[in-house]
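Protein chains: 2
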Amino acid sequence: MHSNRTRPNLSQIAALLDVSVATVSNALSGKGRVSNELADKIRATASDLGYVPGTAGRALRTGRSYVLGLVLPDIANPLFPQIAQAIEHAAAKAGYGVLIADSRGDVAMQTEVINRLLERGVDGVVILPRRGTRISDIGSPIAVIDSSSTPGNTVSADHWQGGQLVAEHLVSLGHSKILIIGNNPDSNVQNDRIGGMKSRIPAKVQSETIWIERLEAAAHVGCSLGLDRKFKEGFTAFATVSDLHALRALTELLGCGITVPEQASVTGFDDLTWSSAFRPALTTIHMDMPAIAKIAVDALTSAIEGNAAGDTPPTPGPVRPLPDACESVPMTLVVRQTSAPPRLTAA
Amino acid sequence: MHSNRTRPNLSQIAALLDVSVATVSNALSGKGRVSNELADKIRATASDLGYVPGTAGRALRTGRSYVLGLVLPDIANPLFPQIAQAIEHAAAKAGYGVLIADSRGDVAMQTEVINRLLERGVDGVVILPRRGTRISDIGSPIAVIDSSSTPGNTVSADHWQGGQLVAEHLVSLGHSKILIIGNNPDSNVQNDRIGGMKSRIPAKVQSETIWIERLEAAAHVGCSLGLDRKFKEGFTAFATVSDLHALRALTELLGCGITVPEQASVTGFDDLTWSSAFRPALTTIHMDMPAIAKIAVDALTSAIEGNAAGDTPPTPGPVRPLPDACESVPMTLVVRQTSAPPRLTAA
DNA sequence: TCCGGGCGATTAATCGTTTAATCAGGTCCC
DNA sequence: GGGACCTGATTAAACGATTAATCGCCCGGA
Numbered sequence: 001m002h003s004n005r006t007r008p009n010l011s012q013i014a015a016l017l018d019v020s021v022a023t024v025s026n027a028l029s030g031k032g033r034v035s036n037e038l039a040d041k042i043r044a045t046a047s048d049l050g051y052v053p054g055t056a057g058r059a060l061r062t063g064r065s066y067v068l069g070l071v072l073p074d075i076a077n078p079l080f081p082q083i084a085q086a087i088e089h090a091a092a093k094a095g096y097g098v099l100i101a102d103s104r105g106d107v108a109m110q111t112e113v114i115n116r117l118l119e120r121g122v123d124g125v126v127i128l129p130r131r132g133t134r135i136s137d138i139g140s141p142i143a144v145i146d147s148s149s150t151p152g153n154t155v156s157a158d159h160w161q162g163g164q165l166v167a168e169h170l171v172s173l174g175h176s177k178i179l180i181i182g183n184n185p186d187s188n189v190q191n192d193r194i195g196g197m198k199s200r201i202p203a204k205v206q207s208e209t210i211w212i213e214r215l216e217a218a219a220h221v222g223c224s225l226g227l228d229r230k231f232k233e234g235f236t237a238f239a240t241v242s243d244l245h246a247l248r249a250l251t252e253l254l255g256c257g258i259t260v261p262e263q264a265s266v267t268g269f270d271d272l273t274w275s276s277a278f279r280p281a282l283t284t285i286h287m288d289m290p291a292i293a294k295i296a297v298d299a300l301t302s303a304i305e306g307n308a309a310g311d312t313p314p315t316p317g318p319v320r321p322l323p324d325a326c327e328s329v330p331m332t333l334v335v336r337q338t339s340a341p342p343r344l345t346a347a
Numbered sequence: 001m002h003s004n005r006t007r008p009n010l011s012q013i014a015a016l017l018d019v020s021v022a023t024v025s026n027a028l029s030g031k032g033r034v035s036n037e038l039a040d041k042i043r044a045t046a047s048d049l050g051y052v053p054g055t056a057g058r059a060l061r062t063g064r065s066y067v068l069g070l071v072l073p074d075i076a077n078p079l080f081p082q083i084a085q086a087i088e089h090a091a092a093k094a095g096y097g098v099l100i101a102d103s104r105g106d107v108a109m110q111t112e113v114i115n116r117l118l119e120r121g122v123d124g125v126v127i128l129p130r131r132g133t134r135i136s137d138i139g140s141p142i143a144v145i146d147s148s149s150t151p152g153n154t155v156s157a158d159h160w161q162g163g164q165l166v167a168e169h170l171v172s173l174g175h176s177k178i179l180i181i182g183n184n185p186d187s188n189v190q191n192d193r194i195g196g197m198k199s200r201i202p203a204k205v206q207s208e209t210i211w212i213e214r215l216e217a218a219a220h221v222g223c224s225l226g227l228d229r230k231f232k233e234g235f236t237a238f239a240t241v242s243d244l245h246a247l248r249a250l251t252e253l254l255g256c257g258i259t260v261p262e263q264a265s266v267t268g269f270d271d272l273t274w275s276s277a278f279r280p281a282l283t284t285i286h287m288d289m290p291a292i293a294k295i296a297v298d299a300l301t302s303a304i305e306g307n308a309a310g311d312t313p314p315t316p317g318p319v320r321p322l323p324d325a326c327e328s329v330p331m332t333l334v335v336r337q338t339s340a341p342p343r344l345t346a347a
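Chains A and B, in that order, are what the protein sequence lines are.
Taking the numbering used here, I'd label the letters of the first sequence as residues 1 to 347.
Taking the numbering used here, I'd label the letters of the second sequence as residues 1 to 347.
I should point out that these hints are in silico values taken from the structure, not numbers from a laboratory.
Keep in mind that a hint or two might mislead.
Since the list gives no way to pick out one identical chain from another, each pair is judged satisfied if it fits inside one copy or across any two copies.
[Unchecked claim] Below, simulated SDA-like cross-link-like pairs (lysine to any residue); rule was C-alpha separation at most 20 Å, straight line:
| # | residue 1 | residue 2 |
| --- | --- | --- |
| 1 | K93 | A108 |
| 2 | K230 | V205 |
| 3 | K31 | A44 |
| 4 | K230 | R279 |
Make a model of the complete structure from these sequences and hints.
What follows is the structure in structure tokens.
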């Protein structure tokens, strides 16, 4: 590969072989009619020069930038690394780049950053909407990753089924009083997870749900969740909707002298990267982000490229998963060290 | 703002006002010679149509895309959200978008993803290099964020000074045996942090350094760090180089029945988002990512735009901070609940 | 009256790629 | 021998924005 100061373009190759730029373009894209030997020569010098088509010219001509936007409600979300990595990887495989945008938790900002992405010419947008947000109709295809109970959702983890896994696990361990710990009752994701849990808690097993934000509104942020009292009431399993809350519950229990998992079990959700970095390592529910990202990106790119091929006008708005893909990706249970059968106290 | 199906362009505005596209362009950019009243009319209809210059045409003509690349050694790094958010914000303020790339910890991949970004036409690259990587000379300006002891570093947190803060804090609390817990002795960042700590540990205070990766190589991943033995040896303070390791140390101590902060203090580094989400909340060192990002982006954009203005040929390779900016951004101590004076055991 | 010059706007070229339309030349068949 | 047809290539236009060069016009001074 030559190392020129400026990147080679079609006309350089054309001049070198004394052919027209159109022929070079045809040869490299395989679209027009070019003799095999000439096409070979062209491909050879192209790779010799290290030619890659300039995105600017192509975008101008074709109207497509091969860039997707990724919109997150809050980029500081600890789940973000997994998501960004998976989306970037899936997009790269499909030949797309990923432009990030952060709405910083602000609802108004969410539409603003989407507009900024569109102004930059992205071909489509992957969005993890902020709680309770309706995505207004923008002029481009959108893939929504949230929860199957969100209208317009494209794909998401099967939070309900994940909740079922948690409940089944704890019940099968022999727990008979399970405390479900949610954060915000307005979250579709959390409601799905909790709904799934409840659906698999048999009648003979007691359960109760508490919401952290409500507790904190009544007291102060970072207040005690009162788990020691719940433990004394007989709860031996504490099922949270997020690893973050599981860690909080875990440290609160340990701080009260309640051992985990001997006296009490704790479960999380999401399998954040650090969830296995401490002792006892968290039992949690893992989501298959690569699969979710692939479905979202496939749906998006097919909508985009379908459009371009298209007799039909562009299809803006939320996209559906491809026929052979599902909207809900199963979650898996990761049993580590915070769950065990309850110690049988003398009856 | 009209809501057309296709985005307005210069010629639409020109046709509407019966002027040439050049005049419209001049009026909007304020460069050519246009009468005030015509310029006003043009600006009015432009904003009425919701015109924003298309990036493709502009990029093609000017050779600049107003997009920066952000390269991370491992996007799954828990520090990534803060970094990405800060860079994205700083870039957006400067009128640039941010394209992400993830080298997935692979050194060879690092140069590959940089090339992919360049092929996409980014104007510059912000990179957090993988340990021990030399950034080969690419044809574009690069801002390197690592540590001041890294050659070619553009800007970074003052890890050394952060280490000093930790040591001063622990020493002032009265600790006289401090265990420093590092992960990988090849990391410039970790060495800086530990060097800073040692530089502020007076002779009368004992200290010792252990490396997690070495311990794990000798035993197994996730093995005990042997902190209970260290505690019995008299160590009362455990200073780690990362919140991740602090959490590990904290849970190991708690699991051994050693109370924090009453019997032992633990400190982290980086102030990860979840560091305050559990009890006892971590005492840690916070880095001013927004400031770092601003310096990096400013240096990058000024190199880019200096080039364009330029008589001089483009300045590829690592950029320096602007004259009024510094290379090392001070870190701050965040005292929470894991640090306190050591309990005086009966002598 | 004629020329120089400033102002306000237009013309035209350019960036790199794609693609529809066209063209030159050869082959085949009636 | 002359159209029909196929093949392999070229020509030219187009995408949208920027910008150097140009042009017409009016005004002032000689």
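Which numbered hints fail: The structure conflicts with no hint, since it agrees with every one listed earlier.
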